[in-house]
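Participant: Protein chains in written order, with our numbering: chain Z, 635 to 1151; chain X, -8 to 317; chain V, 185 to 499; chain F, 13 to 350; chain G, 495 to 779.
Do not rely on the hints blindly, as some may be mistaken.
[Claimed, not checked] Going by beta-carbon spacing under 8 Å, a handful of chain V positions derived as facing chain G:
| hint | residue |
| --- | --- |
| 1 | A202 |
| 2 | L253 |
| 3 | T254 |
| 4 | A256 |
| 5 | L257 |
| 6 | P327 |
| 7 | T444 |
| 8 | V475 |
Everything labelled a hint here was simulated from the structure, so no lab data went into it. In this text, a Cβ means the ideal position worked out from N, Cα and C, and glycines have one as well.
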Amino acid sequence: MIIVRPFSRFLFAATVVTAGSLASLAVQAQDTLRYATIGEPPSLDQHVVTSDLATTIAHHMFEGLYTFDANYEPQPLLASGDEVSDDGMTITIHLRDNVRFHDGQPMTSEDVVASLKRWGEHGSRGKLLFANIEDVSASGPHSVTLTFTQPFGPWKNLLAFINGGPAIYPASVAGGHDATPIPTDQYVGTGPYVFGEWRPNRYVELLRFDDYESPPGPASGYAGERVANFERLHFIPVPDPGTRVNGVRAGDYDYAESMPSDLIDELDADPAANVVLNGGPIFGLVFVNSNAGPLMDNVTLRQAIQAALNKEDALRVSIGPEKLWRANGSFLPDGNAWHSEAGTGRFSEGDAEKAAGLAADADYDGTPIKFLVSTNYAFHYDQAVVFTRQLLEAGINVQMVVVDWATLIQKRAQPEEWDLFFTHHGFVPDPILISVMNDNYPGWWATAEKQALKAAFTETNDPDARKATWADIQALIYEQVPTMKTGDVYTYNIASPALSGIEGTTLIWPHFWGVSR
Amino acid sequence: MNALLSVRDLLLVGNAGVDPGVIVDRLSLVISEGEALALVGESGSGKSLTALAIMGLLPEPEVTVQGGGVEFDGHDLLLMPAPERRKVAGHGIAMIFQEPMTSLNPVMRVGDQIVEMIRAHESVSRKAAVARATKLLTAVRMPEPALRLRAYPHQLSGGQRQRAMIAMALACRPKLLIADEPTTALDVTVQAHILTLLRELQRDLNMAMLFITHDLGVVATIADRVAIMYCGRMAETAPVHDIFRAPAHPYTRGLLACIPTADRRGSELVAIPGQMPSPSDPVLACRFAPRCPRADSRCGHVAPPTVTISAKHFAHCHHTGSGCSP
Amino acid sequence: MVRYLIRRIGMFLPTLLASSFLIFAFIRLIPGDPAAVMLGDQATPEAVAALRAEMGLEQSLLHQYIIWLTAALTGDLGKSIFFQVPVLDLIVDGLETSVLLALFSMVWIVILGLPIGMLAAARRGSLLDQGLSGLAMFLASVPTFWVGLYLILIFAATLGWLPSSGYPSIFEDGGITNLRYLLLPSLALAAPNAALIIRLTRASMLDVYREDYVRTARAKGLHPLAVVVRHVFRNALLTVVSAIGFTVAALISEAVVTETVFSLPGIGRMVVQSILRRDYPVIQGTILMIVLLYLTINLVVDILYAWLDPRVKLR
Amino acid sequence: MMGNAAAEAPLLDVEGLTVSYSLPSRHLLGLSRSFNAVNQVSLSIARGESVGLVGETGCGKSSLSRAICGLTPISAGRVRFNGSDLTSVGKVERTRVRRDLQMIFQDPGGSLNPRLRVGKLIAEPLEIHDIGNRKSRRRRVLDILEAVGLAAGDAERYPHEFSGGQRQRIAIARAVVIKPALILADEPVSALDVSLQAQILNLISALRLKLGLALLFVSHDLNVVRHLCDRVSVMYLGNIVESGPTRAVLDSPRHPYTRELVASSPVPDPDRPIRLLAPSDDPPNPASPPPGCRYHPRCPHASTLCESEVPKPEDLGSHHVAACHHARRLGRTEGMGT
Amino acid sequence: MIHARTGRRNGGRRLAVFGLAMVTVLAVCAVFAPWLSPQDPLAIDPLARLTSPNAEHWFGTDHYGRDTFSRVVHGSRMAALIGIGVVAIALGGGIAFGVTSAVFPRLGLLLMRIVDVLMAFPALLLALALIVILGRGVENSILAIGVVYMTTTARIVYGVSLRLKAETWIDAALAMGAGTSRIVFLHILPNLMSPLFVQASFVFAFAQLQAASLDFLGLGVPPETPTWGNMLSESRVYITRAPWLLLFPGLMIALSAFSLNVVGDAVRDRLDPRLQTAFSARGRS
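The task is simple: from the sequences and hints, build the whole structure.
Facilitator: Structural data, given as structure tokens:
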């Protein structure tokens, strides 16, 4: 024994003192809502950015002319009403006259025209609408006229969809920018919250807009009255899902998005967290390369691939609890106006034999098929793993190319780099917004049949005609296989039980007006 | 003269490591007040461990005291509680070591190390202790003592470091100084100065000294009396003149015959054949028997007796009677 | 001492310069186009090309390096492609978290590592020593993120004693009490490194204990505590201090993982996130800053060492 | 012709040998300084002769022997061995010539690679110089093992299985296996206990007689040198201060340093105590030697001349050379022997 | 005179025996993984998701319904592969760099500066940077981690080689006229072997931790490969729902690193207790 005992007693005492000093009391900011996000949005500029996360934050400060009510019907927001000419070619939108921007200036038709024009020119969703628009002009201080080249049915839905949508900025802001996102110091909107600051890696802060004039009417969905109860909203990036879960449990966050599906029963039972389902399902899409590679024009081989997939298995593996997924072939969910069963017989056959037969018909020679998938979204990867195994069983030689999301975005723009890639699509209120409808979206599906049906789809304002045409398009998708829907996934968030005003289901993105602690 | 230190039947045992076994085998020795005893032996003979056992510095648990007693100034050191024993260290017995390079703490100033020694045993102010340290350095003939007080060990030469060690050892006026090969690592000219210094201090302060060495030349210079150890056992003890003039033990004779001197120039040295056994080797009654020119069957089986040659001259051997001096 | 300092700093600058070039060259070899990442899912190729041009990605590599380095020397590390704010601002903001995290961890390491190491050395060979040494070895072998996950589960989610994640700056609401956010992460980060220091302290205490001057000190009849504190510990500390250099490197390195697990807004997580976002200027700036930090700490450690060991500064 | 010339010329002839080491500069931009660890030393050894080189730590005796063996670069001067100038011949030739010059080191353990078996170790010089084949080398190894008092079976063992004395026997076996003309022994017995020291000294003497080896024996132990060497050179701070026949130099030294050395060396005789001739043991700093005679700060006989002028080596008769201004005055009358 | 390190010997030996046993078990797992694992580690069973440990699935199943035990067993295979690969690169490169630098001091100065520069990058960052350049993959993980530990190994080899160069036996060989290749291959390399064995065991251990960290950050071995790090990464959200998914792979990482460390430690203690400070247990991380 080298050292005497009194010495070790001394050490022990030191350790105890240290351990004691650990205790520390929690301090809570009462008037701040803390929202744990999956990451950081690229920008909050709604015109050019389509990230859901950006919209979750931005729709508290940017508003469009219309928004959706609880039934996904477009309702006026900054608009007060509209008139459509009988030929459907001219639409006049009346604006509310009590709206002020965050900088104190009143909103006029001039601001609306400038915003719509920038969106129409540089926003990817804006282009869809503006392809049919001849002119936008102010027809009065509080009214705007859209002149169409042909009748265009989905106009109001497009105007109401704030994600990548026509947020109204002051003319000075909207007029001064092109496709590059506007900088944070020019985030001036009309919503109940004002941009505070963006602390990279820490949070995005929004502050209550004290001069906010709420739209009239009872709250329904995003429509109606908007009351800001919190002094500020903090959107805090917490990329690790486990940390988000435990953060709400521990009281560090009031709300956390995008929860792991397998935890739903546990969280449902947990008194420290309330489960909030997301209203519209998201759905996975496996795009097929129509520009290069073995699948470019080999429709039979595409059908072989489609036939091999059992999407139910993939959903069960990737999502787990059955209440969070539907093996639903229709691009829009059951109950939605756009729901259709057209073509869905081919949705999830999971028939290896049939697939092998089709592959043989297609003269498939075992050429490797490159399946691009990222790990950033667990369910992409999980489903891709299952699909790959199913395809291998059908004798189709699929090789996964696993990259991160950033690389995937880069690679998918290069046709020779891939044959299939996995992405997902958020809920949209109008099928025109589904990416496969865009000829320039990677995959580059632009067959003559598609072009004809797409024209028919947009040229009419008649809802029934449009629904029928959409069913035809969906059938064509199952026929030509430009993309394969993998099923609906209902994501969910959790909220602190201390919050009131949170509904059990979000419409699309969570919102915090009308919510209080 | 009174016995200042007496070691009785000291038994040191190695428990593990390279050489388990009995390292020091029932060794007894006595030092009187003011006497300089040289403890002589080759490496591995156990002489250093004997000194460490006296100081209570054995590298336990590798080597432990398994028997015998160490009595100093009338108290049994081995039975003494640790705090009291620490008081003896420094005050009663001080020790200096072989390696002046490594025996001083490299990150502490020389003065502080001496002051530490003083203040560990006497309640004096730091200032007084510093003053005393300066005096001590002067006493050991350290050049520029005030300057050296503030130096770090590596700034001193080997001889100076050994002087600092001696100053530290003498700080509390010990009655016995144990010097474990203090000059082995030094050059001969430096060694001469240190040996002379030690001899003078020892006589001036009437301090007893246990001087451990393997060098018979040094023994001749420093010792009043000599104890020769072989392989953990005492071979012979005698006044210094008797050892060189009339060695009784064959080992002592062999050692003396090994040394090349002017007289033996050119002729072959009479070397002791073989080598010293290690403690783990099987033990014979006389450990030197395998190398002894005079060994017979008795030596292997019967423990050698203690033979009294003269009043202060003892040898532990069956064959001391006859034989030639070298 | 001055000469030692100058020589030591003379070694520091070329290493830093060479590292800066490596950093720059490395980053350019990474596949992935920052412009495409930034514009997102629905971007058109034209918009991507325009943005590339605007960001200077079309110029020659050497040209880009020289521009970057000259600017870096004046403190301008460029602008984050993703956030559109100066990289330096991001780093400065991230540094608060990372430096505090590292400091906190160092505190753990020192208050756990040194005493336990000393205790194990003091009770060398005992059951306590075997237990502590075994535990230290085990902790050194456990992935930090694994420890972190369990710490969150136990202390935050289940017991609710400490915050699970995030770190609001101490300059914001809550002030200094915000440091509690760093308790768990720093503990997770410290665990394996404290284990290292335990082992190192124990080993060097035992090494020093075998030194002749410790025997000298014991021969002087000093109290064992005085021997340990004045003679053994100070010398053993030399080894430990020189280990602090790579302990800091380990902290910085593992902070990347720890900050990810605990969602801390530090520069470690910023590196990972920026790699995923292909935010070149941020990656470059942050790694450069980390390397600078690391080299500086090593410099400080060496100077500290020289200060502790009189043999060095006079050489 | 060749044989004759070689017989007349000394086996080893060192002339004006200087070894300098550089020190880090005092100032960052200053020129790097250097000092001469060996300062213009001349030395020669005839075939079969044994020469002792004596001095204390830092006197340059090890640097000198290492320089002769080519382990330390030579800054100036010439080393002729066996008729070749080692400082100017090519590498191949130098290796060939070096065959006849082998070295034994102080630390018997350290000079043997712990990973090689004794047989391999001893055969190494034969392998390096490509002498014989595997079989003949093996035979020579076994022969030499016996000659140094080890068993044939020892060839299969590793160095750590031997004691210090036995290891030095192995080192000696390795040095002589190639039958060199000169062995350079750097303190070969100072790490050994006195009983083993005697064994090794006897072994070296025996081998020298048997093989007709010349010996350069570096040591700090006057007794050992006195026992083994025909001639001796004494070094102080890089210079040879005195040299000559062993008996003459050590029994009646003429240089004050040699006198101090002899007086300081303890003799195993209580009636012949050591004496202090110098006032202090202030160690010399080899890096900044004093001007004039390097010994003068310690010398009891120093005069003002010694402080300024470097003394030249002076032959005092019968090859007894001393480099001291007062060598003649410090005559035999003050002889050191008893 | 007598080594004072013997005190821990018994306890140390028990630990070392445990370590050696663990290493053997892991090696057996790695070699015989296909025969030892009761099920296909990749077989998906959507109906048996997240089942807790039971008779059929000893370590339970993951969210694909894959058998965790089989995956853990197969994970040892990747662990061994990564360990061996990293050790090969680290030691191969380290020896080349270190010995060359020691033998040719001028070149050595340059080479060691390069090593210095690489060492200025904290290990995981360097590995991360390399991975991002090279892309994810088993080989690239091995290469990246190998390069990281190559730098430390080169440093150690350089240090030990310099020390060896100062050994008298090298002087002895030089004095005999030995050439450079003889010095390197006969006198330096064989004496490097035991310290390198120690270094190898530490590198092997820390390669496990680094690989796990890379996997955890999603930048290591492709996620479809069953490695312990990937298993942790995939299932970290199930820490409450299915704790066994984190427990077993985590324990395996810890145990493998632990046992290799213990073995390395024991070997080092045996070789030379004083080497302790030359090899830091953690090396770089």
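Participant: For every hint, state whether the structure bears it out.
Facilitator: Going down the list of hints, with the structure as the test:
no., hint, verdict
1, A202, "holds (4 Å)"
2, L253, "violated (16 Å)"
3, T254, "violated (21 Å)"
4, A256, "violated (16 Å)"
5, L257, "violated (18 Å)"
6, P327, "holds (5 Å)"
7, T444, "holds (7 Å)"
8, V475, "holds (5 Å)"
Going through the hint list in order, the structure does not satisfy hints 2, 3, 4, 5.
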